[in-house]
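S.K.: Each chain, letter by letter, is given below.
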Amino acid sequence: MIDPLDAVAAVGRGTLGAVRATGAVALFGAAGLSHLLRPPFYGRMFLLALVEFSYFSLPVVALTAVFSGAVIALQSFTGFSRFGAESAIAGIVVLSVVRELGPVLAGLMVAGRVGAAMAAELGTMRVTDQIDALGTLSTNPMKYLVAPRLLAGVIAVPLLVVVADILGVAGGFLVSTAKLGFNPSGYLTSTFNILTTADVVAGLAQAATFGFLIALMGCYHGYNSKGGAQGVGSATTSAVVAASILILAFDYVLTELFFAR
Amino acid sequence: MSDPSTNDPKIRIRGLTKAFGTKTVLDGIDLDVAAGTSMVVIGGSGSGKSVLLKCILGLIEPDAGSIEIDGRDVLRLPRQEREQVNARIGMLFQAGALFDSLTVWENVAFGLLAQHKAARAEARQRAGAILAQVGLDPSVGDLSPAELSGGMQKRVGLARAIAAQPDILFFDEPTTGLDPIMGAVIDGLIVDCVKRLGSTAIAITHDMASATRIGDRAAMLFRGKLVWQGPAADLLHSGNEMVDQFTHGRRDGPIQMELRR
Ligand SMILES: Nc1ncnc2c1ncn2[C@@H]1O[C@H](COP(=O)(O)OP(=O)(O)O)[C@@H](O)[C@H]1O
Ligand SMILES: [Mg+2]
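Taken in order, these protein sequences are the chains called A and B.
Read in numbering that gives the first Met the number 0, the first sequence has 174 at position 175, and its numbers run on one by one without any break.
Read in numbering that gives the first Met the number 0, the second sequence has 4 at position 5, and its numbers run on one by one without any break.
Simulated from the structure, these hints should not be mistaken for lab results.
Zero decoy hints are in this set.
Here are the simulated SDA-like cross-link-like pairs (lysine to any residue), alpha carbons at most 20 Å apart as the crow flies: (1) Lys225/A / Leu58/B; (2) Lys224/B / Val50/B; (3) Lys116/B / Arg43/A; (4) Lys116/B / Tyr143/A; (5) Lys224/B / Asp29/B; (6) Lys225/A / Lys22/B; (7) Lys116/B / Asn139/A; (8) Lys116/B / Ser137/A; (9) Lys225/A / Phe19/B; (10) Lys225/A / Glu60/B; (11) Lys22/B / Val50/B; (12) Lys116/B / Gly134/A; (13) Lys225/A / Gln93/B; (14) Lys224/B / Ala18/B; (15) Lys225/A / Ser49/B; (16) Lys116/B / Tyr41/A; (17) Lys225/A / Ala23/A; (18) Lys116/B / Gly42/A; (19) Lys225/A / Thr21/B; (20) Lys225/A / Gly57/B; (21) Lys225/A / Ser44/B; (22) Lys224/B / Gly45/B; (23) Lys116/B / Phe40/A.
This is chain B alone, in the form it adopts within the complex (with noise of 0.2 Å):
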């Protein structure tokens, strides 16, 4: 499954494999990511996508595989050079996991802040400056996130993963829970952010008109295993059953919804 194109990839996934007691999530997974690239990785519900993105983040530990980023092997390194990688990796959270004791503006400076990249002046200056580039006014940084709507906490999520210019950005169901309005919104801001940094992107999803405008590339997961990959502009014609299921939302083929497990 392996990609011809992507000799070098920024993010080279081998053989990743995650259960949880007897629960098998990730089973083998292989995934190159094309530095300045965007790959969506589609999925059910409880597909495991979540956990493959923090197995990447290292917030959770993979039981067998390799997780390369540049080159380097992150599962391998030492706890202060593994922080270093993290710190160049930027993630929007599903549910927008912003600090609901922070005010909006302490959120989004926060990775400013941490790596002393900015005094508490100037990072208040530089917050109400991302917040515009995710079409908010300075002036909601004064605000709780609790103050704010799906869509605005969306926003701030986004822009407290693009502070400290990461080269390389997870997005977690960018669009889940939002009007389709908005998930248009999101998904070009997203877009805006991973183009004007130069970024590599990994964005889960399982809303179909989300993949195709966030990804370059695309990838099914189901049972734990890649069952698809090729370019995000194929997913509604791939050829593949699985893939042509998931996308048109069938509920007869060869994805059967388990409901034990």
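Isolated chain A, as found in the complex (with noise of 0.2 Å):
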């Protein structure tokens, strides 16, 4: 006999554990972002995240970016080009890539790469009492793992960003220019006439958003794995799914702030 009430337990239930976890994740959050306001501040650790979040995710960002940048320009040719509306296409390829697909590409790119590497390594930590151990060494965890991969992940991803951006748009002008028969010059002109300062600061705050979010992700399912290899990986699951359902509903509320009237 299934009771009706079990399902508004298990609704009521399931809500409870989401308030939860989000409370845990904010304080987690505030705490590791607090830290950054303290001293001391381990800068080899900050610049180590860094390198990895930027330096070592340029080629699969670039990859993305140049081929999305690539297929926009395509499919707005062919939806366009009955209405012979073909100048448009510039504009469409810098709006898209620079509002939405840059930093949302990226974003998603970057999450599977560091915060899966962020969670394994956090989470290795945990299961080996190396995180316990820090604390015995007069060095607060939170302070010398989690803070500087927060200010590396705000700082690193927006700088993907930009060469996303530059990436996506030329592969868009590759496309219109090789492929289209666009005039080069004519095509560039219709880019910078229509991308404005707004379009490229609100990308690169989304960025900033979304790297946060990250390395958050990362550093919280790591931080507070259990259970030895298992809880190792489905820590790193957990951050990957949750920095990338997190990246495209802060990519709506963002666009609504940003873009909507």
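From the two separate chains plus the hints, produce the assembled complex.
M.R.: The following block contains the structure:
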């Protein structure tokens, strides 16, 4: 027999669990950020995380950006050619790349690469007592492990997105000029005429938010993992899944904030 | 179960209680450790020995009870004073918990660098000297922990624990997983280090040979309670049925292995 109250109870439990998890993540993030305001600051850990975030993510972000820019040019050409609006393509490419695709695709790629690596590293440190060991060696693990990574995420992902924006536009430019037969200087002129500073700033603000979310999810799930190799594995999965969903959710919220009237 | 010889103990634990969910791991522990003496706590796997040490270190928050170090209840100290107390405690973790992203010498010097007791070049020298104290060649300092054998990792863990010259030392199963000869060597090093620093020590173990070598006094943990305390030399003829069964490794007796919980 199925008691309808069971279903209600399950929804209630689920909601409570979600609220509790959100609270825990928020507290964790706030604690991590507050450590940035109080010395010492572990510059070496910050630089290591920055290099991991940005430099080693460059190839995958660059490739993703070039191909997305190229695909948008192609797709919008098939859509628009019927109405004779080819000139709009330059604008569509640059606006979709700078406002939307650059930050989101770079964010998702970095979540898969760096978020996973962070969760695995901190998770392994947790289950092998290395995080506890830090505490016995006059080092606050939140300050040493988490704070530098959060800051690195906020700084590195916008840098990556600048590169992604340029390469995305370049991808669209290549297809438009080499394949669709557009005039190169005309294409570039339309590109820069349409793009505004506000678009760039909004895109970079999204990128910084995504970088923070990626680092937060990687650190939170790694830091709180338990139960040996399996626990580290599921922490890694959770970090990537949670970061990806949050990126898409925040993308909507921020788009609403920046662009909707 | 209090002992008249320890009127002014370095560490005084009263009524320490900790449960994980419904499972009570520590159930009202009373323990005194006199300054400059070594206490061994014996008990079966999963009996809560590590939890006891982690409670004293503040890595796990107990549900009830008090822990006094030098007469101050550390559970109720503000965070900063608590960190100052912890800075005077060194801990050798069960699985070493060496930082695998750092070299051996950086591991050993970690606490010194964190407390700004030494600059990097000097810390490196000191690390070499400390490695020599635990019978390792200073050249080992340039290796990574993963390149070391189990016995060498234990030595490095010991070196890291004593580096800041703590007045309290904790050893979590220092000989588990080592061959008997290496176990005896590590015990010898532990006794040397504790003597040289004049530290107060708590060692937890289920290795009887090790317990009698390291400890001045001993206590046995069973089902969350200390069921016996006395001189470590009496371990093998304590007159307590449970201690006897444990120290002689008998299958039958008051202790029945719990196969479910
Ligand atoms: N952080 C924790 N969360 C939940 N249970 C724990 C935790 N730490 C230890 N336990 C449980 O407490 C019990 C005692 O663990 P421990 O102190 O590590 O045993 P041992 O005496 O072998 O060192 C075990 O059953 C373990 O599962
Ligand atoms: Mg243990």
